[in-house]
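Let's have the full structure, built from the sequences with the hints guiding it.
Next come the chains, spelled out residue by residue.
4 protein chains.
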Amino acid sequence: MTSRSDVSAVKAALRTQAIETPSWAYGNSGTRFKVFAQPGVPRNPFEKLDDAAKVHEFTGAAPTVALHIPWDRVEGSGGYAKLAKHAEERGLTLGAINSNTFQDNDYKLGSVCHPDAAVRRKAVDHLFECVDIMDATGSKDLKLWFADGTNYPGQDDLRDRQDRLAEGLARVYERLGDDQRMLLEYKFFEPAFYATDVPDWGTAYAHCLKLGPKAQVVVDTGHHAPGTNIEFIVATLLREGKLGAFDFNSRFYADDDLMVGAADPFQLFRIMYEVIRGGGLASDVAFMLDQCHNIEAKIPAIIRSVMNVQEATAKALLVDGEALAAAQRAGDVLAANAVVMDAYNTDVRPLVAEVREESGLHPDPIAAYHASGWAGRIAAERVGGEQAGWGA
Amino acid sequence: MTSRSDVSAVKAALRTQAIETPSWAYGNSGTRFKVFAQPGVPRNPFEKLDDAAKVHEFTGAAPTVALHIPWDRVEGSGGYAKLAKHAEERGLTLGAINSNTFQDNDYKLGSVCHPDAAVRRKAVDHLFECVDIMDATGSKDLKLWFADGTNYPGQDDLRDRQDRLAEGLARVYERLGDDQRMLLEYKFFEPAFYATDVPDWGTAYAHCLKLGPKAQVVVDTGHHAPGTNIEFIVATLLREGKLGAFDFNSRFYADDDLMVGAADPFQLFRIMYEVIRGGGLASDVAFMLDQCHNIEAKIPAIIRSVMNVQEATAKALLVDGEALAAAQRAGDVLAANAVVMDAYNTDVRPLVAEVREESGLHPDPIAAYHASGWAGRIAAERVGGEQAGWGA
Amino acid sequence: MTSRSDVSAVKAALRTQAIETPSWAYGNSGTRFKVFAQPGVPRNPFEKLDDAAKVHEFTGAAPTVALHIPWDRVEGSGGYAKLAKHAEERGLTLGAINSNTFQDNDYKLGSVCHPDAAVRRKAVDHLFECVDIMDATGSKDLKLWFADGTNYPGQDDLRDRQDRLAEGLARVYERLGDDQRMLLEYKFFEPAFYATDVPDWGTAYAHCLKLGPKAQVVVDTGHHAPGTNIEFIVATLLREGKLGAFDFNSRFYADDDLMVGAADPFQLFRIMYEVIRGGGLASDVAFMLDQCHNIEAKIPAIIRSVMNVQEATAKALLVDGEALAAAQRAGDVLAANAVVMDAYNTDVRPLVAEVREESGLHPDPIAAYHASGWAGRIAAERVGGEQAGWGA
Amino acid sequence: MTSRSDVSAVKAALRTQAIETPSWAYGNSGTRFKVFAQPGVPRNPFEKLDDAAKVHEFTGAAPTVALHIPWDRVEGSGGYAKLAKHAEERGLTLGAINSNTFQDNDYKLGSVCHPDAAVRRKAVDHLFECVDIMDATGSKDLKLWFADGTNYPGQDDLRDRQDRLAEGLARVYERLGDDQRMLLEYKFFEPAFYATDVPDWGTAYAHCLKLGPKAQVVVDTGHHAPGTNIEFIVATLLREGKLGAFDFNSRFYADDDLMVGAADPFQLFRIMYEVIRGGGLASDVAFMLDQCHNIEAKIPAIIRSVMNVQEATAKALLVDGEALAAAQRAGDVLAANAVVMDAYNTDVRPLVAEVREESGLHPDPIAAYHASGWAGRIAAERVGGEQAGWGA
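Chains as they are written, first to last, in the UniProt record's numbering: chain A, 1 to 392; chain B, 1 to 392; chain C, 1 to 392; chain D, 1 to 392.
Calculated from the structure, these hints are not laboratory results.
Treat the hints with care, since some could be wrong.
Straight-line distance between alpha carbons at most 30 Å, and here's what the computed DSS-like set of lysine-lysine pairs gives [claimed, not checked]:
(1) A/Lys140 with B/Lys34
(2) A/Lys140 with A/Lys214
(3) C/Lys108 with C/Lys82
(4) D/Lys34 with A/Lys210
(5) B/Lys214 with C/Lys214
(6) A/Lys214 with A/Lys85
(7) C/Lys122 with D/Lys34
(8) B/Lys214 with C/Lys242
(9) B/Lys11 with B/Lys122
All values derive from a computational prediction rather than experimental measurement.
What follows is the structure, encoded as structure tokens:
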């Protein structure tokens, strides 16, 4: 088992892990059938940061917040500096800038892959705007998810669309500063239902490879075909030096966007094991959440998600590497599997609670949040105005 | 091959096939990411019927229109009679009444399966209202799709929800008139992402069996797990006397709601073969469309869908039953498969065009629709007001 | 959390749980590509029982052994009585009799569903033989898995095959004694690749319902479409009084037949939760393993599997029912989910070890098995003869 | 529609298409449950070529035969030259050499990825032997499918296995002659059930990219996750210059290895469309079959498969490129889709029959084969000896 000194190392590693929460998870979201609005939902990016600050206050592990443009667009000169300052005052930093090229009417048939050059230009201009915002906020990461694709065979030329994609990405890549990255996300399907232009890690990888070292792949844990071994992809991308970030969430069926760790906690553990195995914990791999809390209270759901990532990481850190390597070398299938399962079966909640307490935090972030009265306060104060949501 | 007299029989069978189009397919729809509005979309149920009349005018095969309550609610006394008359004047009949227990804020955690008895009562009252409307319109079918389910393990008790479902269904069943049916739809997932309360045909079948002969199962071709053999389910339900209706559409991934026949035309043919084999063509099985034309023009997409069902039916009717039975009896796998493939590989478009011409229709409904100028006319006339859509 | 008295109840419940191991898991198995033989594998049913006795000796939880006919056929009069006595002397009882209608050349196109009546007769005769063996061994359960199906559309008539299936089952059902059951297994696919004659729980349920109370459904955890919510099926079958048995194993992709609990331990926990919720633990639901240990040592793999079921059961028993019901009633999604996750995240290995020690067993069955020297002994002694395997 | 001159071009293109049949498809095969032997099955590589010659004789489109080592190993000096001459005398050429590193006992835990260097060496030596055979037979393609993978999390280190794979591939790559290629196949799962070492096109692509221009990817149409858009992968690999070959077959569920075109003929058409669109028809992309005719007669099944590929190709060639491009440019989703569907719905069997007749062949290869009496002759003559099969 794990010795005392190992436990210290595990705790130290846990303390280094930062999880980025997405501004949009604090707003209303739903399915195509219905958005169920919740009381107290933020009405602007500043209020989203206020909520994110609560998540960080109680977990100590969520110091950055991803923005989504235009949902978090701040008008006026100095707007983003003001937003960054608002974050800083709450112990937060602004994280990745997420582009949106899917909610404008022009994007019905795609954005950077659209058959019409004018629409492609508009999309690239939006991506330039995102880089401008990065310059203003100090964000290092431009996260690109394209809803581009087709619904019917023949609707558009699959190959031409790849050419257009490559061209658009190249233009944006050139615009990146020296310390900025482009994070390219892939997705199996939705909203396109026949072909998606970046459907799998292979496609994202091939594009990033040609673009250069500042282009890296995002693994969204909900964006794969049924049965896909995600940790294999994680291991492979780390081996290739091309894993840029995670979008964490859970799925049972499609891109369900449930709380990470809720559907298959064993998978999350296996993913974190490969992250650690591949050196991803001590690297610039970004651990982001990308979730939709359609029916559950949003802030505690995000707190729970952060905790779930921490617990999976703690378990993965507890894997006895020496015993594992020995069993693997010996070809002892059961013994090797048992080493991994031993770590997984360990209840790490006390350990993670200790890490919190040693940092001056309450051991139970959910209880602390509920005790704080924040939920009631925002429900009371945030009345009037337009509640934030995907389309708002 | 098929003899001259057989061709007559095929044509006769084709002439009997009626396909019900859904009022909501004429309105705007989309994904959770975006609804792309289209010009000329109807603003009320009457205009939806006007569009549906065009589909029937050019195909001769779409004489009934399914309504969705409350989207097609008509206010005022005599409203539904007026709607029925509007339909009748255009050669149409009002078809199945589709209930909606998923777009009210109260339904966040379910409707007839909700933990709160008051919400369940509200849902059942809505279903009663739907039966009232059936009484007013003369509709024979109450089509029930419940979005009920849970997103997280433990969220609610799976078994209690079944008990509540059974109770709610029983109350509505009792309310049905002698010539009215309850059609119960199942769906693999969405909008619930952990457990759906009627997830598969087995669950729908078990409930219908207990309710009685007026309860039957709806097969929506987009509501199955990947790889599911849908024609097997069709054959089984017909054998059990429990197939009530189809909701036709296409899917590559999930409930994509594309045009029927667009993703896997061979599957549609196999389904229609089992329909015919099981006597479903000459029975009261209802052939309904349930589609979302998110990016393609809606009326011609519906016309194309009707044509696709007709062509699949024609091919299925062309299967040489005697040759097939002989090969099956002989255990000649290749010969039996070849009989089926021979029918499938036949180009039946000339045959179906002949059927149209013999009924005084243009052989090419799409061309005829485009020539009619209807699309331009509605785009010009239907301005102002609220365009119909899922949420409208 | 769980009180002291609750822990006693949990322990008591765990002590009642008996897991049936399958004789064939002790023999060689493999994929269609290769069977990798292992040293010391049994050469006959008696040696299989010797191995099964070791599993029971160290777990105290595997007192019955399922047989597979003809793999475990014992020639000569009194043969099965001798086998039963061999079992009894080792503290075991003979469990379900599993039929095999898939490895004879006559079954190329099916068994009870075959187009040729002579083959169907042969299959039914084999099932009668299985009931005869039940009479001889005192086994209560006839477990039926049919490999029947078709590989190509049109190969055979789907509906006729259902009629033949119903007829064959009815004949066997009539032959059952008063205290005997028929357990009907369904499987999504394999070895048939187009249509399987009992592909899902709905089909098995519909047949069992018509047969009568002695016919019940078997849930093999590897026999579902990707994404299927198995615990929902468990809950539903229990609610209907039609859950007869489990065939436990794990899958990542298809019917992988890995050790139960190895691929998705959270799913196994959820299944066991529904078993307990539905009264299945204190009923005659049989908990069987059905696994293939292709590359790992067989006996310790089976021991590990028994332990995995026990641990999942222990966690499920720890769910705080009152807290859960309260959260569900309140519609508190996160709180309800947290109650379930709290139990799942508990490390129950010490608790299960205590149960063992209180029964006079070693707390670690795997260590005890390795210390026993049994693996070396059988490798040395079981030389010559034909090692048991699927085809042997 | 298609003009007279276009039809000539379609015919000319069809005449250039060569489909490679696999020697192993002529031998017995089965599932893990049972191999059903067929009469007249070849007993050695020479007899397999005799059967392959019949396929080519009646289709005129199957001039090359892939070998599988060691199944087609010919002992003695000059053995392979003799085999090549046997082929030549029958109008055939020997095609790709397929390696086998999965049926030796040493390969239980892998071959080129095995934790033990001695096993890896043995595997690489086998690959060297395959290249030696290529030198002897004049084969240009070394086709590599590795069954390597793991069944349980932790069983081996995923990343180390990639390193070993890269090293083994590099050694073999160096050994290739100037006009020889390495074709790397990927497979989603089976026989490994947790992680497969080359599970997807991305992994195969990444390795081939590093190896160099002589390494290309094989797309086996049965080796993908449910729902995967295979034609997208085909388009992408062609765009990258990395599509080396197809292994054609059909699947409903997993790697079912049914006749190509039997499960989803529309998908096969879409794949062939992308092949043509990407210039793959006039390139060195190899069109191979890789199928298992477990229950149907083997030679006619292979003939049917060749015909199915031809028909799909003919339909794809009939797509009206100009009309399609115009509709795509206009963003007319329905019109673009209709162009593609128009070609697919065409009955091309008369056209392909004409191509045969113009080449002096019978228009119906299946009828011609049956009339030839070959099946009866081999059933009568090939008695005694060991029938060829996967393990023989």
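Each hint, compared with the structure:
| no. | hint | verdict |
| --- | --- | --- |
| 1 | A/Lys140 with B/Lys34 | holds (28 Å) |
| 2 | A/Lys140 with A/Lys214 | holds (11 Å) |
| 3 | C/Lys108 with C/Lys82 | violated (34 Å) |
| 4 | D/Lys34 with A/Lys210 | violated (48 Å) |
| 5 | B/Lys214 with C/Lys214 | holds (29 Å) |
| 6 | A/Lys214 with A/Lys85 | holds (27 Å) |
| 7 | C/Lys122 with D/Lys34 | holds (18 Å) |
| 8 | B/Lys214 with C/Lys242 | holds (24 Å) |
| 9 | B/Lys11 with B/Lys122 | violated (47 Å) |
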